[in-house]
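Engineer: Go ahead and model the full structure; you've got the sequences and the hints to work with.
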Amino acid sequence: DQQVKQNSPSLSVQEGRISILNCDYTNSMFDYFLWYKKYPAEGPTFLISISSIKDKNEDGRFTVFLNKSAKHLSLHIVPSQPGDSAVYFCAASLGNTGTASKLTFGTGTRLQVTL
Amino acid sequence: GAVVSQHPSWVICKSGTSVKIECRSLDFQATTMFWYRQFPKQSLMLMATSNEGSKATYEQGVEKDKFLINHASLTLSTLTVTSAHPEDSSFYICSAPSLGGPYSYEQYFGPGTRLTVT
Numbered sequence: 007d008q009q010v011k012q013n014s015p016s017l018s019v020q021e022g023r024i025s026i027l028n029c030d031y032t033n034s035m036f037d038y039f040l041w042y043k044k045y046p047a048e049g050p051t052f053l054i055s056i057s058s059i060k061d062k063n064e065d066g067r068f069t070v071f072l073n074k075s076a077k078h079l080s081l082h083i084v085p086s087q088p089g090d091s092a093v094y095f096c097a098a099s100l101g102n103t104g105t106a107s108k109l110t111f112g113t114g115t116r117l118q119v120t121l
Numbered sequence: 087g088a089v090v091s092q093h094p095s096w097v098i099c100k101s102g103t104s105v106k107i108e109c110r111s112l113d114f115q116a117t118t119m120f121w122y123r124q125f126p127k128q129s130l131m132l133m134a135t136s137n138e139g140s141k142a143t144y145e146q147g148v149e150k151d152k153f154l155i156n157h158a159s160l161t162l163s164t165l166t167v168t169s170a171h172p173e174d175s176s177f178y179i180c181s182a183p184s185l186g187g188p189y190s191y192e193q194y195f196g197p198g199t200r201l202t203v204t
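Chains as they are written, first to last, in the numbering used here: chain A, 7 to 121; chain B, 87 to 204.
Simulated from the structure, these hints should not be mistaken for laboratory data.
Some hints could be false.
[Stated by the list, open to error] Calculated pairs, DMTMM-like style, for lysine to aspartate or glutamate (alpha carbon to alpha carbon, straight line, at most 25 Å): (1) B/Lys127 <-> A/Glu64; (2) A/Lys43 <-> B/Asp151; (3) B/Lys150 <-> B/Glu108; (4) B/Lys127 <-> A/Asp61; (5) B/Lys127 <-> A/Asp30; (6) B/Lys152 <-> B/Glu108; (7) A/Lys62 <-> A/Glu21; (8) B/Lys127 <-> B/Asp174; (9) A/Lys11 <-> B/Glu145; (10) A/Lys43 <-> B/Glu192; (11) A/Lys11 <-> B/Glu108; (12) A/Lys74 <-> B/Glu108; (13) A/Lys43 <-> B/Glu149; (14) A/Lys77 <-> B/Glu192; (15) A/Lys62 <-> B/Glu108; (16) A/Lys60 <-> B/Glu192; (17) A/Lys43 <-> B/Glu108; (18) B/Lys106 <-> A/Glu48; (19) A/Lys74 <-> A/Asp37; (20) B/Lys100 <-> A/Glu48; (21) A/Lys43 <-> A/Asp90.
[Said to hold, decoys possible] Over the 12 Å line for every Cβ pair with chain A, so calculated as not near, a few chain B residues: (22) Cys99; (23) Ser101; (24) Lys106; (25) Thr118; (26) Met131; (27) Leu132; (28) Gly139; (29) Thr143; (30) Glu145; (31) Lys150; (32) Leu160; (33) Thr166; (34) Pro172; (35) Glu173; (36) Glu192.
From the three backbone atoms N, C-alpha and C, an ideal C-beta is built for every residue, glycine too.
Structural biologist: Okay, structure coming up:
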């Protein structure tokens with residue numbers, strides 16, 4: 007049972023344009039969401055997060071939007087740069103159960119930013 | 087920022103042997119660490135939660151006798167794959183919460199260990 011889904015396995019975007027990565031979840035008890043970036047043969051690195059009490063969080067070129075009613079979140083990267091090419095995972099946490107650190111990951115979206 | 091290291095970064099072993107993977111938090115203490123595995127082109131699947139001073143808690147479907155976890159100190163957790171078989175070949179990643187305990191949302195991930203069982 008995949009509780010966090012990223013339906014687009016890959017995405018190609020031209021440099022300078024906006025990249026939009028989507029993530030859907032099924033468990034309404036998730037109260038915190040995170041995006042991680044991962045290069046091959048490396049561990050994920052944290053990008054940005056959002057609490058369920060918010061609908062938007064922005065950090066530089068990265069913005070995460072949360073639509074709780076639709077159980078959907080998205081990561082916007084603008085402008086996209088070649089160095090952004092990686093696999094992006096969204097993750098969700100059941101912080102209100104007392105194990106905030108336990109994350110459920112999506113299946114990942116491979117972003118390729120072309121010149 | 088905080089760093090989590092793993093050793094070895096890759097290992098090849100013969101079927102039936104055991105392999106130990108170490109996960110260390112380098113500049114912070116972690117009472118909780120997590121172990122994940124990732125198959126090619128798939129998501130990171132949580133295997134178990136490593137707890138300093140107590141037994142690890144395993145996710146459903148993960149054999150605790152096969153994947154032995156020991157949280158020896160506040161900076162070290164080890165995962166031992168016992169009697170490894172080719173189907174255990176995977177990328178194993180550990181993580182530690184940024185605040186060291188289970189109540190921190192953000193985690194620092196190690197670089198991962200590629201295990202190949204022949």
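Engineer: Each hint needs a verdict: does it hold in this structure or not?
Structural biologist: Now the hints, each set against the structure:
For a cut-off of 25 Å, the pair hint linking B/Lys127 to A/Glu64 is broken: about 28 Å separates their Cα positions. Restraint check for A/Lys43 and B/Asp151: the C-alpha separation of about 32 Å exceeds 25 Å, so the hint is violated. A threshold of 25 Å between alpha carbons decides the hint, and for B/Lys150 with B/Glu108 the separation of about 17 Å falls inside it, so the pair holds. For the suggested pair B/Lys127 and A/Asp61, the alpha carbons sit about 30 Å apart, so the restraint of at most 25 Å is broken.
Proximity of B/Lys127 to A/Asp30 is assessed by CA-CA distance (about 18 Å); at most 25 Å being required, the pair is judged to hold. Only pairs whose Cα atoms come within 25 Å are accepted, and B/Lys152 paired with B/Glu108 is accepted, the gap being roughly 16 Å. At roughly 24 Å between alpha-carbon atoms, A/Lys62 and A/Glu21 fall within 25 Å of each other, so this suggested pair holds. Distance restraint check for B/Lys127 and B/Asp174: the Cα-Cα separation of roughly 16 Å lies within the 25 Å cut-off, and the hinted pair is therefore satisfied.
Proximity of A/Lys11 to B/Glu145 is assessed by CA-CA distance (about 19 Å); at most 25 Å being required, the pair is judged to hold. Between A/Lys43 and B/Glu192, the direct Cα distance comes to roughly 13 Å. Compliance with the 25 Å bound is thereby established for this hinted pair. For the hint linking A/Lys11 to B/Glu108, the alpha-carbon distance of about 30 Å lies beyond 25 Å, and the restraint is violated. Restraint check: the Cα-Cα separation between A/Lys74 and B/Glu108 comes to about 38 Å, which exceeds 25 Å; the hinted pair is violated.
With a C-alpha separation of about 29 Å, the suggested pair A/Lys43 and B/Glu149 falls outside the 25 Å cut-off, and the hint is violated. Between A/Lys77 and B/Glu192 the alpha-carbon distance is near 21 Å, which keeps this suggested pair within the 25 Å criterion. Under the criterion of a C-alpha separation no larger than 25 Å, the hint pairing A/Lys62 with B/Glu108 is inconsistent with the structure, at around 37 Å. Of the supplied pair hints, the one linking A/Lys60 and B/Glu192 holds, its CA atoms being roughly 17 Å apart against a limit of 25 Å.
Pair hint A/Lys43 plus B/Glu108 holds up; C-alpha atoms about 23 Å apart against a cutoff of 25 Å. Distance check on the hinted pair: B/Lys106 and A/Glu48 sit about 19 Å apart at the alpha-carbon level, within 25 Å; holds. A threshold of 25 Å between alpha carbons decides the hint, and for A/Lys74 with A/Asp37 the separation of about 10 Å falls inside it, so the pair holds. Among the hinted pairs, B/Lys100 with A/Glu48 is consistent with the structure: their alpha-carbon atoms are about 24 Å apart, no more than 25 Å.
The straight-line distance between the Cα atoms of A/Lys43 and A/Asp90 is roughly 9 Å, inside the 25 Å bound, and the hint therefore holds. Even its closest Cβ contact with chain A, about 18 Å, leaves B/Cys99 beyond 12 Å, as expected for a residue assigned away from the interface. In this structure B/Ser101 is separated from chain A by more than 12 Å, as the shortest Cβ-Cβ distance comes to about 23 Å. At the 12 Å boundary, the C-beta of B/Lys106 stays outside the reach of chain A, the nearest C-beta of that chain being 18 Å off.
Chain A draws B/Thr118 into its interface by the beta-carbon criterion, the shortest separation being 6 Å against a cut-off of 12 Å. The beta carbon of B/Met131 is not kept farther than 12 Å from every beta carbon of chain A, the shortest such distance being approximately 8 Å. Residue placement check: B/Leu132 does not keep its beta carbon more than 12 Å from all beta carbons of chain A (closest about 7 Å). The non-interface label for B/Gly139 is consistent with chain A: the shortest C-beta to C-beta separation is roughly 17 Å, beyond 12 Å.
The beta carbon of B/Thr143 is not kept farther than 12 Å from every beta carbon of chain A, the shortest such distance being approximately 9 Å. Distance check on B/Glu145: its Cβ comes as close as 9 Å (rounded) to a Cβ of chain A, failing to clear the 12 Å threshold; non-interface status is violated. The Cβ of B/Lys150 sits about 17 Å from the closest Cβ of chain A, beyond the 12 Å cut-off, so the non-interface label holds. In this structure B/Leu160 is separated from chain A by more than 12 Å, as the shortest Cβ-Cβ distance comes to about 15 Å.
Its beta-carbon lying about 20 Å from the closest one in chain A, B/Thr166 satisfies the requirement of being farther than 12 Å from that chain. With a cut of 12 Å on Cβ distances, B/Pro172 stays outside the contact zone with chain A, its closest approach being about 20 Å. Every CB of chain A is more than 12 Å from the CB of B/Glu173 (nearest about 20 Å), matching its label as outside the interface. Remark: the non-interface label on B/Glu192 conflicts with the geometry, its nearest Cβ contact in chain A lying 6 Å away (cut-off 12 Å).
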